[in-house]
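For the protein sequence lines, the chains are A and B, in the order given. Mapped onto this note's numbering, the consecutive letters of the first sequence carry residue numbers 1 to 531. Mapped onto this note's numbering, the consecutive letters of the second sequence carry residue numbers 532 to 936.
No lab work stands behind these hints: they were computed from the structure. Check before you lean on any hint, since a few could be wrong.
Here are the in silico distance ranges between beta carbons for each label pair [as the list claims (entries may be wrong)]:
| hint | chain 1 | residue 1 | chain 2 | residue 2 | range |
| --- | --- | --- | --- | --- | --- |
| 1 | A | E497 | B | E606 | 27 to 35 Å |
| 2 | B | L852 | A | G519 | 52 to 60 Å |
| 3 | B | L852 | A | P498 | 29 to 37 Å |
| 4 | A | L383 | B | L852 | 35 to 43 Å |
| 5 | A | P253 | B | S898 | 56 to 64 Å |
| 6 | A | E363 | B | A617 | 32 to 40 Å |
| 7 | B | G728 | A | D486 | 56 to 64 Å |
| 8 | A | Q508 | B | D674 | 22 to 30 Å |
| 9 | B | S785 | A | Q508 | 46 to 54 Å |
| 10 | B | N866 | A | P385 | 52 to 60 Å |
Some residues of chain A that are not near chain B, with every Cβ distance over 10 Å (derived) [claimed, not checked]:
| hint | residue |
| --- | --- |
| 11 | E7 |
| 12 | V45 |
| 13 | Q103 |
| 14 | V228 |
| 15 | R241 |
| 16 | R250 |
| 17 | S358 |
| 18 | W371 |
| 19 | E399 |
| 20 | P446 |
| 21 | L513 |
| 22 | N515 |
Which chain B residues face chain A? A few, computed with CB under 7 Å, are given here [what the hints assert, rightly or not]:
| hint | residue |
| --- | --- |
| 23 | V577 |
| 24 | R586 |
| 25 | D590 |
| 26 | T651 |
| 27 | A653 |
| 28 | T655 |
| 29 | T657 |
| 30 | D690 |
| 31 | Y906 |
All C-beta atoms, glycine included, are put in the ideal place defined by N, C-alpha and C.
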Amino acid sequence: MPRALLEPVAAGQTRFRMQGLAPDARGIAVGREALIVFESIDRLVGFLGAFSSEASLDDLLPSMTLERARRHAGGTALLMRCEASDGYALDRLARLAGATRSQLYVGAGSVFVRGRDARAPFGHDLAYSLASVLASADSTNEDETGVSSGLGADELLVVDHEFCSRLRVYDRIDPVDLIQRLALRRVALPLQGLAADPECGGLRDMALVLVAPGVADRVLAYLWRKEVSMAGVHVTLGDDRRASLLLRLRQPPPRLLDVLMPIPGVELLVPVSPRAAVEVGYEHPIHLASASTCLPGDEMYLFRGRVGRVERIEGAPRFVEGRYLVASEVRLREVDPEAMTVLETNRLHVDLRLRASSSTAREPRATLVDWNAIETLRRLVYLVPPSALGAARLVPLLEGLLVLGGARIGRGDGRGLSVGTLIPLGQRLVEVAPGVLVPDGHELWPRVRPQLIRELLRLEGEDQAVFLAADRQPIRIPAAKLLALDAAVIGMLSTSEPTIVEPELPAQTLGKLVNQRLGRFALWGFRSQEP
Amino acid sequence: MTTPEQPRGGLVPTSRNLALVTRKAGFGTAAGFIARFVLPLLGGGVVEIAAPLSRFDRDAMLEDSGALLLPDLLELRTRVAHQLVADPALEHPDANELSLWIGLHDLLAFDHPDTDRVWTRASTWTRVESETRGLFAQASPSDLSDALARHLAVAALLDLRRDDRIVTGPEGEQRWFGQEPPRRVGLFGPRLVEVRGETVIWIDQPHRPVVARLLDDAMAVSPLTSLLRPGRAPAGWSPLAGSVSPAQFLRERSFARAVCHAWAREREWLLTGGVIAGSLLRAIGLGEAPGGRPQPAGDDSPEAIGAVVGALIHLHVLKVLEFDARIGLGLAERNWSVQAFLAMPLLLARLEPVLGRPFSGQPDNESFARRWDEYCEHLGGLVPRPVVDNLLATLVRRVVEPPSP
């Protein structure tokens with residue numbers, strides 16, 4: 001009948017049989033250290049991976065030691081010791097250890113007891129004194145191995161509910177070294193290629209490309225032709241005689257990645273932290289972004305999956321802009337000064353002419369009303385909508401009255417129809433360039449840029465230019481000469497004072513009750529028709 | 532109809548000489564009474580209340596009945612009547628209308644705050660009350676013109692205001708009803724500058740029991756006022772009963788329009804419609820009379836009932852037109868008369884051959900027809916179906932099918 005070696009800690013208990021235990025703020029018995037016993041290395045790696053994805057390994061690593069131990073009764077185990085004097089940190093460690101089928105113990109020095117569980121929410125304490133527990137362990141060991149010994153300097157005693165185990169440490173493992181030597185895991189990539197993945201396998205923002213020396217120039221030329229934003233540095237990997245090219249591509253096109261990935265000698269690497277990159281299609285068992293202290297110094301680590309190597313690049317790589325990496329053989333020739341004489345001798349000079357056009361119809365912007373049709377125009381003004389009338393301008397010319405519509409240079413206030421559309425009088429003018437009007441059905445030949453026409457005509461602001469006929473010079477109308485059409489046609493209004501008529505009858509109001517004072521003899525002499 | 536007697540002495544009454552003469556005239560004369568009571572009552576101003584008058588006083592006033600034909604009075608009556616209908620047919624004031632005015636004055640005199648200090652026996656006050664009741668009885672209208680004239684005075688009574696003076700002293704507040712506080716208050720008590728004024732509506736103030744009784748008589752004299760303000764109507768009032776029944780007004784297009792718009796202006800138009808509908812149903816024996824009081828016999832012809840029902844439906848039409856026909860929930864708490872009023876538009880399909888359909892002659896009534904149909908569907912969800920079925924079997928039959936001889 002095994003006897004219980006541990007007993008649950010009561011709520012509020014402050015004194016313990018086991019030295020080194022103390023209650024935390026919640027009354028849970030904790031020690032200075034926590035010990036996790038792993039049966040195999042893969043459970044340890046699983047624990048570290050789970051911890052790194054949930055919290056930062058940087059918090060754990062400074063106080064963490066990894067040791068190989070041999071059980072007194074036979075067998076080996078991996079021990080992870082770390083500082084844990086807080087119940088919350090212990091809970092997280094216990095949860096993650098349970099997930100990897102390992103056990104958490106608390107204690108200090110060389111004796112550890114099982115951590116808290118459902119049966120003992122405040123933790124465990126020794127049921128007997130440490131000496132009797134050690135004695136029972138020794139007797140068991142004597143029975144099994146025939147060897148009896150006390151706790152040595154490199155020995156640990158782990159006490160569980162019904163057994164205690166003595167472990168002898170025989171090797172230490174450097175956690176940083178372990179993490180760097182871990183083999184990468186393969187991850188599945190989209191069958192249709194990286195372009196099918198919205199994140200491009202983690203390469204959407206930035207990709208590192210490790211190019212073997214033999215194909216470096218061709219890859220570089222290809223990327224240069226594709227105008228990819230890139231920077232690169234030549235790095236010497238291991239014992240290679242020639243330096244490889246490490247390229248950094250910012251926001252690479254997904255199609256480009258699919259082209260690069262199957263090329264032999266080209267490896268795409270996903271930057272997982274500022275100083276670590278993992279080959280695409282692989283992942284590191286540890287979440288490296290939360291384990292910056294695993295990668296000491298300022299070196300950069302490239303975890304290559306296909307070749308199974310970790311490349312350490314001395315110092316932070318200093319990337320150089322891609323255009324300095326490309327060798328160009330194009331030679332530019334200066335403009336021959338003698339050829340400029342073609343322009344200076346006006347051999348290229350042509351005239352800007354007004355000619356009839358059959359191109360698409362434009363909306364009339366203005367109309368030139370003959371002076372004989374002024375009377376008709378006066379009557380038509382009543383039909384113009386207010387928005388068009390307010391935006392219309394007027395210029396008297398010798399040829400007639402030029403009525404300009406709403407849309408003018410720099411101010412698109414021609415809302416709705418312009419007045420040129422609404423007035424069916426005179427010659428309609430359309431706009432071929434901002435502020436340049438030609439008769440409807442005509443255009444300027446050759447078809448130079450509209451802005452250039454304004455510059456050639458030296459138009460500024462809201463100035464207008466009107467081409468009336470092919471054989472006549474254009475008319476320049478300064479903005480100051482433009483008159484508002486509505487103001488020009490109305491002239492001046494006069495007002496008259498209204499005559500206020502007093503109402504003949506007073507306004508009706510409500511009656512207001514006033515009780516006249518009644519005398520004491522008010523009803524004297526009151527006569528009624530009834531007896 | 533009684534015609535006023537010709538003024539004696541050949542003096543033609545004009546507003547100018549009456550204003551000069553009657554400014555100092557006493558209440559005992561027709562000119563003084565009209566100038567100090569009737570004209571302010573109808574047209575606004577200070578309505579003076581003095582000692583009660585009797586039928587002897589009325590007869591004495593009729594000795595000088597020229598004041599009844601005063602142009603100012605005639606014009607004022609017409610102006611007030613114009614507020615209700617566009618073309619009022621008003622006869623000249625007669626002895627019966629004078630009886631109503633004197634009755635209204637006596638009614639107000641019973642609410643006079645100084646009645647307690649009058650040295651007289653209680654039986655005298657009883658005689659005053661019976662005299663007032665007799666005056667009201669003589670003022671009963673005989674046709675629509677008379678009833679319109681009665682409405683002018685009675686409606687003005689309901690709108691009367693009163694300036695009360697409140698003096699705040701160390702012993703608390705003291706209120707003078709429609710009077711100035713006496714000088715002694717200022718001499719021995721608080722200063723009169725601390726007097727606070729308050730304008731109240733006379734009809735909403737608490738009254739003596741005799742005033743409440745006489746008010747019912749005054750409202751019974753004016754069927755049009757009772758129809759316009761059914762909340763003030765006397766107990767047992769019926770839209771079909773009376774020498775001039777309210778239903779007769781609703782059969783006149785101009786009055787029906789005025790009445791329906793007056794109802795629609797009320798904030799509690801649902802309650803107003805409910806009172807009318809309930810009174811109508813009680814009058815034709817379909818509802819339980821309050822207190823088991825027998826209902827007065829009246830004109831229960833299909834035309835009269837149809838006029839009242841049509842007016843109630845038109846009230847719904849007006850509310851739909853002004854987008855104010857919002858009837859909230861909580862309808863189950865309302866009484867059966869309100870439910871009967873809400874059920875009226877649902878009866879229109881059966882009443883249509885007799886009453887017609889709203890805006891049926893208008894060409895552009897699609898929008899209204901859509902809103903009206905939505906409103907009727909809304910009412911169909913609110914009003915219990917048994918209420919509609921009950922009205923279809925009783926009220927509608929009285930309108931659609933003529934009574935068997």
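Comparing the hints with the structure gives:
1. Between E497(A) and E606(B), the C-beta spacing of about 32 Å keeps the proposed range 27 to 35 Å intact.
2. Taken as a hint, the range 52 to 60 Å holds for the pair L852(B) and G519(A), whose Cβ atoms sit roughly 56 Å apart.
3. Judged by the Cβ atoms, the range 29 to 37 Å given for L852(B) and P498(A) holds: they are separated by roughly 35 Å.
4. The given range of 35 to 43 Å is respected by L383(A) and L852(B), whose C-beta atoms sit roughly 37 Å from each other.
5. At roughly 60 Å, the beta carbons of P253(A) and S898(B) sit within the given window of 56 to 64 Å.
6. Against the hinted window of 32 to 40 Å, the Cβ-Cβ separation of E363(A) and A617(B) comes to about 55 Å, which falls outside the hint.
7. In this structure the hint that G728(B) and D486(A) lie 56 to 64 Å apart at CB holds, the actual value being about 57 Å.
8. Between Q508(A) and D674(B) the beta carbon distance is about 26 Å. The supplied range of 22 to 30 Å therefore holds.
9. At roughly 20 Å, the beta carbons of S785(B) and Q508(A) sit outside the given window of 46 to 54 Å.
10. Separated by about 59 Å at the C-beta atoms, N866(B) and P385(A) satisfy the suggested range of 52 to 60 Å.
11. No beta-carbon of chain B comes within 10 Å of the beta-carbon of E7(A); the shortest separation is about 68 Å.
12. No Cβ of chain B comes within 10 Å of the Cβ of V45(A); the nearest lies about 68 Å off, and the non-interface call holds.
13. For Q103(A), the requirement that its beta carbon stay farther than 10 Å from each beta carbon of chain B is met, with the minimum near 66 Å.
14. With a least CB separation of 65 Å from chain B, V228(A) remains clear of the 10 Å interface cut-off, as annotated.
15. Distance check on R241(A): its Cβ is at least 91 Å (rounded) from any Cβ of chain B, clearing the 10 Å threshold; non-interface status holds.
16. In this structure R250(A) is separated from chain B by more than 10 Å, as the shortest Cβ-Cβ distance comes to about 63 Å.
17. Distance check on S358(A): its Cβ is at least 50 Å (rounded) from any Cβ of chain B, clearing the 10 Å threshold; non-interface status holds.
18. Residue placement check: W371(A) keeps its beta carbon more than 10 Å from all beta carbons of chain B (closest about 49 Å).
19. Every CB of chain B is more than 10 Å from the CB of E399(A) (nearest about 52 Å), matching its label as outside the interface.
20. The beta carbon of P446(A) is kept farther than 10 Å from every beta carbon of chain B, the shortest such distance being approximately 61 Å.
21. Look at L513(A): its CB is around 4 Å from the nearest CB on chain B, not clear of 10 Å, so calling it non-interface is violated.
22. With a least beta-carbon separation of about 4 Å from chain B, N515(A) fails to lie farther than 10 Å from that chain, contradicting its non-interface assignment.
23. Among the interface hints, the one on V577(B) holds; its C-beta lies about 5 Å from the nearest C-beta in chain A, closer than the 7 Å criterion.
24. At a threshold of 7 Å, the smallest CB-CB gap from R586(B) to chain A is about 5 Å, leaving the interface hint in force.
25. Interface hint at D590(B): violated, since its Cβ lies 9 Å from the closest Cβ of chain A, which is beyond the 7 Å cut-off.
26. With 7 Å as the threshold, the beta carbon of T651(B) comes within range of chain A, its nearest partner Cβ sitting at about 4 Å, so the hint holds.
27. At about 11 Å, the closest approach between the beta carbon of A653(B) and any beta carbon in chain A exceeds 7 Å, and the interface hint on this residue is violated.
28. Hint on T655(B) holds. Least Cβ distance to chain A is approximately 5 Å, under the 7 Å limit.
29. For T657(B), the interface hint is violated, since its Cβ never comes within 7 Å of a Cβ in chain A; the closest pair sits about 10 Å apart.
30. This hint holds: D690(B) has a C-beta 5 Å from the nearest C-beta of chain A, less than the 7 Å allowed.
31. Interface hint at Y906(B): violated, since its Cβ lies 36 Å from the closest Cβ of chain A, which is beyond the 7 Å cut-off.
Violation of the numbered hints given earlier is confined to hints 6, 9, 21, 22, 25, 27, 29, 31; the remaining hints are satisfied by the structure.
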